[in-house]
Amino acid sequence: MSHWIIAPVILPALLAPFIVLAARYHIGIQRAFSVAGVLALVAIAAGLAWQTSDGTILLYQLGDWAAPFGIVLVGDRLSTMMVLLTSVLALFVLLYAIGSGWDDRGRHFHALFQFQLMGILGAFLTGDLFNLFVFFEVLLIASYGLMIHAGGNARLRAGVQYVLFNLIGSTLFLFALGSIYAETGTLNMADLAQRVTLITPEETVGIRVAAVLLLLVFAIKAALVPLHFWLPSSYAEAPAPVAALFAIMTKVGAYAIIRVYTMIFHPDLEVTAGLHDIWLLPAALVSLAIGMTGVLAAKKLDRLVAFSVIGSMGMVMVAISLFTPESIAAALYYIVHSTLAGAALFLISDLVRTGRADLELTPQPAVSGNALTAAMFFVGAIAMAGLPPLSGFLGKLLVLDAGFNSDMMVWIWVVVLGSSLVSIVGFSRAGSILFWKAHSVEPSDETYARPAMLSYAAVGGLVALLIAHTVFAGKVHGYTTTMAAQLFAPEPYISVVVDTEGKLVKPKTEDK
Amino acid sequence: MELLVASAIGILTAGGIYLMLRLRTFPVILGISLLTYAVNVFLFASGRLTTAAPPILRDDISLYADPLPQALVLTAIVISFGMTAVVVMIGLGAFLGSDDDHVDDQTALDDDPAEGAS
Numbered sequence: 097m098s099h100w101i102i103a104p105v106i107l108p109a110l111l112a113p114f115i116v117l118a119a120r121y122h123i124g125i126q127r128a129f130s131v132a133g134v135l136a137l138v139a140i141a142a143g144l145a146w147q148t149s150d151g152t153i154l155l156y157q158l159g160d161w162a163a164p165f166g167i168v169l170v171g172d173r174l175s176t177m178m179v180l181l182t183s184v185l186a187l188f189v190l191l192y193a194i195g196s197g198w199d200d201r202g203r204h205f206h207a208l209f210q211f212q213l214m215g216i217l218g219a220f221l222t223g224d225l226f227n228l229f230v231f232f233e234v235l236l237i238a239s240y241g242l243m244i245h246a247g248g249n250a251r252l253r254a255g256v257q258y259v260l261f262n263l264i265g266s267t268l269f270l271f272a273l274g275s276i277y278a279e280t281g282t283l284n285m286a287d288l289a290q291r292v293t294l295i296t297p298e299e300t301v302g303i304r305v306a307a308v309l310l311l312l313v314f315a316i317k318a319a320l321v322p323l324h325f326w327l328p329s330s331y332a333e334a335p336a337p338v339a340a341l342f343a344i345m346t347k348v349g350a351y352a353i354i355r356v357y358t359m360i361f362h363p364d365l366e367v368t369a370g371l372h373d374i375w376l377l378p379a380a381l382v383s384l385a386i387g388m389t390g391v392l393a394a395k396k397l398d399r400l401v402a403f404s405v406i407g408s409m410g411m412v413m414v415a416i417s418l419f420t421p422e423s424i425a426a427a428l429y430y431i432v433h434s435t436l437a438g439a440a441l442f443l444i445s446d447l448v449r450t451g452r453a454d455l456e457l458t459p460q461p462a463v464s465g466n467a468l469t470a471a472m473f474f475v476g477a478i479a480m481a482g483l484p485p486l487s488g489f490l491g492k493l494l495v496l497d498a499g500f501n502s503d504m505m506v507w508i509w510v511v512v513l514g515s516s517l518v519s520i521v522g523f524s525r526a527g528s529i530l531f532w533k534a535h536s537v538e539p540s541d542e543t544y545a546r547p548a549m550l551s552y553a554a555v556g557g558l559v560a561l562l563i564a565h566t567v568f569a570g571k572v573h574g575y576t577t578t579m580a581a582q583l584f585a586p587e588p589y590i591s592v593v594v595d596t597e598g599k600l601v602k603p604k605t606e607d608k
Numbered sequence: 008m009e010l011l012v013a014s015a016i017g018i019l020t021a022g023g024i025y026l027m028l029r030l031r032t033f034p035v036i037l038g039i040s041l042l043t044y045a046v047n048v049f050l051f052a053s054g055r056l057t058t059a060a061p062p063i064l065r066d067d068i069s070l071y072a073d074p075l076p077q078a079l080v081l082t083a084i085v086i087s088f089g090m091t092a093v094v095v096m097i098g099l100g101a102f103l104g105s106d107d108d109h110v111d112d113q114t115a116l117d118d119d120p121a122e123g124a125s
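So the protein lines, in turn, are chains V and H. Position one of the first sequence corresponds to residue 97 (this note's numbering), numbered consecutively onward. Position one of the second sequence corresponds to residue 8 (this note's numbering), numbered consecutively onward.
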């Protein structure tokens, strides 16, 4: 049993207290340790992804206790890819935070950042539902601190909404876990998958309630309409690097839905029949439509980006709710794309903010560093709106293709294509007001600092990743297809988790 | 006992949800506290209700209390306690800063100058 799989949880968990206790007053040391930690995370995550890329399933039993009794961490293709995506995103976000000086505008940015990473990575790796709850709480507690980093009334008010909404979500999560435990007597995902199949159709009332509650909880995390109300103001008011990191948090919800609803409550099961096609798909289509309409309606650039995140989550959920191997592969491709594009856009909106009075979409004197910022926004907007040649277009194509054989094909195509058009109009309206109309306004006396080179490098890195995601689309999609195949054949996962012996089941040898 | 526990959970949940819909920070926080009490009792009951039964294996005892929900409840209590403290502090900060304790967005207040432009 290799210990590397727990490193993505342990490393930030040790680094954060170190930063708080030892490097409290030295922003330079904090930065150095934070960047070094994230670089190490990227290396570890790449190693784990490489190890699992041939289909092996990594299992780590904490304290060597066997699966249903002890807590396990499990790494398969999906979870290691999400870990890699998170750590790469965290690297660029961290560089931006350092370059723009956001991390120095309040205390403890780096410590909270590390705790946030610990929560997100743990949520991706855990194989136990209660442990998933605990990691959700870790990432939420850290995000509460990051959300109100640097203070300000508007931010605090948005923070209150965000915290309250998520507290209600956590309570719902506990209700769901309680009913699952009452019905099955286990919270280990693999064990649960075996036991749920044993429930006869007549006795499914309790487990049905549990499955729906759990879906609600994950839908809150994934900001699915009508549970999206927390997202726009909290993402818009959060400091830009934090909002960019939060781009992965909605994907934690999507990941949890994929994991739980392919392995435990899969669509063929009597218990959850109808949950995906009757409830999830329409909600996802409405999120897509509302998100992209919000892009057109937004009066401020940060709100616009927040709504585009809702829209792209709607697109991910449309693909997920079809629940075929092709659609899950498309969803995973789109998840990578939308995380990178959303994060890049949040950072670009902060580049714009640095150079002008506010983010209102009104003509104002040209921002400093106009040409480069405008070019970055152009690329980010093309990616998010899903225009060729970037990966948003390919992802959308894959989703449309996966929905081709569905009963809801007409609705899916109409909503996806229609909302794309609306979002293109929205983005081009925002871009032309921000960058082109600026030239018709008299330059004002106020001068704004040009964003630092490191900020541009960080955004440029994200844009470069988006381009790489497009160029190597064939390879990436091939990999997500094998990932989806692994998800739809969960028997190896279950047998590895349940059948590996631990401390408990070893025969007693010391007896006479 | 089942009736008593079930109605306790029900009443706590109903009161919690009512208070949560009040749109002011203080009642909402109280409502969430009630809801977490309800969920703690609910988790406790998910291991089946037993009276005076030991949670640890012993000889010549056949009725046990499930120890796992007790551990889960302990975790849940600690987390919800910490969360309530956090939300009280953030709520207090927001109230003192903007002199308004509404949970929802007030349209009149939207003209705060954009911040972070320094």
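Treat the hints with caution; some may be incorrect.
What the hints assert, rightly or not - Sample of chain H residues facing chain V (criterion: CB under 10 Å; computed from the structure): (1) MET8; (2) GLU9; (3) LEU10; (4) VAL12; (5) PHE49; (6) ASP66; (7) ASP67; (8) SER69; (9) PRO76; (10) VAL93; (11) HIS109.
To be verified - Which stretches of chain H does chain V cover? Using the computed rule of at least three CB atoms under 8 Å from a CB of chain V, they are: (12) 35-42; (13) 77-84; (14) 97-103.
It should be emphasised that the hints constitute simulated quantities derived from the structure, not laboratory data. For clarity, every value in this text was computed on a predicted model and none was experimentally measured. C-beta atoms are modelled at their ideal positions from N, C-alpha and C, and glycine is treated no differently.
Here is what the structure says about each hint:
1. MET8: Violated, because the Cβ-Cβ distance from H/MET8 to chain V comes to roughly 16 Å (cut-off 10 Å).
2. GLU9: violated (13 Å)
3. LEU10: violated (17 Å)
4. VAL12: violated (12 Å)
5. PHE49: Check passed: Cβ of H/PHE49 comes within 5 Å of chain V, closer than 10 Å.
6. ASP66: violated (18 Å)
7. ASP67: Constraint on H/ASP67 not satisfied, violated at 22 Å.
8. SER69: violated (18 Å)
9. PRO76: Nearest chain V Cβ about 7 Å off; hint holds.
10. VAL93: holds (6 Å)
11. HIS109: holds (8 Å)
12. 35-42: This one holds; 4 residues, not fewer than the three required, reach chain V with a Cβ under 8 Å.
13. 77-84: It holds: at least three residues are needed, and the segment 77-84 of chain H offers 3 whose Cβ sits within less than 8 Å of chain V.
14. 97-103: holds (count 4)
When each numbered hint is compared with the structure, violations occur for hints 1, 2, 3, 4, 6, 7, 8.
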